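Turn these sequences into a full structure, and let the hints guide you.
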Amino acid sequence: MGDDFHPAQPIYLQLVDRICREIVRGDRKPGDRLPSVRDMAVQAGVNPNTVQRVYTELERMQVVLTRRGQGTFVTEDAERLRALREDLMHERIEAFVRDMAEMGFTGDEIVRGVQAFVEGGTRE
Amino acid sequence: MTVIEVGSPKEERVVTETPIVRFEQVSKRYRLRYAVRDLTFSLPSGRIIGMIGANGSGKSTTLKLMAGLANPTSGRVWVYGQEVTRRISRVVSYLSDQDALYPFYTADELISFYAAVFPDFDVAKAREMLDFMQLLPRQRAGELSKGNLGRLKMVLALSRNAPLILMDEPLSGLDPLVRQSILKGLVSFVDLGRQTIVMSTHEVAEIEPLLDTAMLMADGRVVDVRDIDDLRSQDGLTLVDWMASKLAAPQNRR
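Those protein sequence lines, which keep their order, are chains A and B. Mapping of the first sequence onto UniProt numbering: residues 1 to 124, in sequence order. Mapping of the second sequence onto UniProt numbering: residues 1 to 254, in sequence order.
No wet-lab data here; the hints were simulated from the structure. Source: prediction; values computed, not measured. Mixed in with the good hints there might be a few duds.
[As the list claims (entries may be wrong)] Restraint-style ranges between C-beta atoms, simulated for each label pair:
no.	chain 1	residue 1	chain 2	residue 2	range
1	B	G142	A	Q62	52 to 62 Å
2	B	D191	A	G69	10 to 20 Å
3	A	M89	B	Q139	50 to 60 Å
4	A	R98	B	D97	42 to 52 Å
5	B	S42	A	R80	33 to 43 Å
6	A	E76	B	G236	44 to 54 Å
7	A	A101	B	L177	29 to 39 Å
8	A	G69	B	T106	33 to 43 Å
9	A	R18	B	D241	20 to 30 Å
10	A	P30	B	D241	34 to 44 Å
11	A	F96	B	L177	53 to 63 Å
12	A	G69	B	G81	54 to 64 Å
[Stated by the list, open to error] Short, incomplete list of chain A residues facing chain B, as computed with Cβ under 8 Å:
no.	residue
13	F5
14	A8
15	Q9
16	Y12
17	R25
18	G26
19	A41
20	V42
21	V46
22	N49
23	G113
In this text, a Cβ means the ideal position worked out from N, Cα and C, and glycines have one as well.
And the structure:
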């Protein structure tokens with residue numbers, strides 16, 4: 001028990017992010033049941049209130065849904081899951097591009113650099 | 001008193017309306033020395049609250065004032081809506097930092113003893129926790145290792161269905177694996193729908209992910225009470241950073 005969390009972001013948001021990634025990666029499939037609040041709290045080494053907040057946030061995002069008395073499940077809405085995948089990609093791209101722009105790279109340079117990297121796996 | 005059930009997703013953090021603990025201008029003096037001075041604060045219910053600060057900053061005294069084990073020299077203390085007297089122990093479970101268990105009692109006998117003294121003691125929960133902590137029911141408290149004694153004290157404190165559970169340094173002097181198993185037991189068995197935990201500790205970084213709220217003390221005063229999520233999202237600080245920044249600022253020292 002006791003995962004590492006980075007500073008400067010609330011722990012519940014880091015857990016939301018982690019679960020979204022697990023869903024996009026396919027580690028949690030559509031319709032899968034998430035662990036109970038308490039089990040998830042023990043696994044992640046956090047407070048049950050924090051997990052409750054995580055589940056409420058995921059529910060608000062319509063990534064999971066809670067069936068009373070049965071638990072919390074990953075949505076089976078394929079459209080929503082596709083959108084989640086896109087969102088995560090854009091989030092990472094945005095952070096990357098902002099970082100590159102800060103160092104003075106142009107859009108063209110960034111695109112060329114990424115393309116070369118993806119194709120060759122190495123530098124230009 | 002608002003009670004939220006962990007597991008009901010709709011009522012997110014509807015926990016704060018009635019404070020579980022309220023201090024109004026409380027001072028406690030032992031002979032000539034003030035242990036705490038002019039404490040005014042309240043703590044929300046349904047949370048795990050960490051009390052942090054240096055040795056001698058007044059944490060233990062503050063916990064004893066909540067538990068009815070010390071009387072204020074001046075000021076007033078309320079717990080669970082009642083003004084605190086010695087009888088507050090009916091609604092407050094207190095884990096001492098001393099080795100306060102009768103050494104000749106076995107774990108099983110201690111459970112029976114606690115069940116006889118405290119009507120809210122949950123024997124089934126205690127047995128389950130004992131098992132979870134891998135403690136043997138027949139072993140005498142006096143024969144336990146320091147780590148297992150720490151585990152047993154946690155079992156006894158958490159097995160009461162009391163609205164307020166106070167723990168004075170439950171992790172102090174224990175090795176990392178024992179600390180982890182005690183914290184795991186805490187998360188597994190606490191019922192935050194009905195209970196609030198206030199624990200003092202020096203293991204600040206280790207405890208942070210388990211806390212909702214932190215209360216920082218220095219020189220017998222309360223420096224600040226903050227929610228951990230707010231510290232991170234508003235100030236970009238971990239609990240350790242926050243503590244360091246607060247204690248370094250001269251206006252917070254006497």
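(message) Holds or violated: the 29 to 39 Å window for the beta-carbon distance between A/A101 and B/L177?
(response) Roughly 47 Å apart at Cβ, these two residues miss the hinted range, so it is violated.
- prompt: Holds or violated: A/V42 as interface residue toward chain B, Cβ cutoff 8 Å?
  reply: 5 Å, holds
Classify the hint on A/R25 as holds or violated, based on whether any CB of chain B lies nearer than 8 Å to its CB. With Cβ-Cβ at 23 Å, over 8 Å, it is violated.
TODO: Kindly confirm whether 33 to 43 Å is satisfied by the beta carbon distance between B/S42 and A/R80.
DONE: Distance hint for B/S42, A/R80 holds at roughly 42 Å.
* To do: Kindly confirm whether 10 to 20 Å is satisfied by the beta carbon distance between B/D191 and A/G69.
  => 18 Å, holds
- [ ] Against chain B, run the beta carbon of A/Q9 and see if the smallest gap drops under 8 Å.
- [x] Cβ of A/Q9 sits 6 Å from chain B, so the hint holds.
**Prompt:** Hey, does the A/G26 contact hint survive, CB to chain B under 8 Å?
**Reply:** Given a least distance of 25 Å, the restraint on A/G26 is violated.
Evaluation of the interface hint that places A/N49 against chain B, nearest CB under 8 Å: Since chain B brings a Cβ to about 5 Å from A/N49, closer than 8 Å, the hint holds.
**OP:** Just tell me: holds or violated, for the beta carbon distance of A/R18 and B/D241 against 20 to 30 Å?
**Re:** 23 Å, holds
* How about A/V46: closest beta carbon in chain B under 8 Å, or not? -> Holds, because the Cβ-Cβ distance from A/V46 to chain B comes to roughly 5 Å (cut-off 8 Å).
Against chain B, run the beta carbon of A/A41 and see if the smallest gap drops under 8 Å. 5 Å, holds
That 34 to 44 Å hint for A/P30 and B/D241 (C-beta), does it hold up? Taking Cβ atoms as reference, A/P30 and B/D241 lie about 40 Å apart, which means the hint holds.
Violated hints, listed in ascending order, are 6, 7, 11, 12, 17, 18, 23; each of the other numbered hints is respected by the structure.
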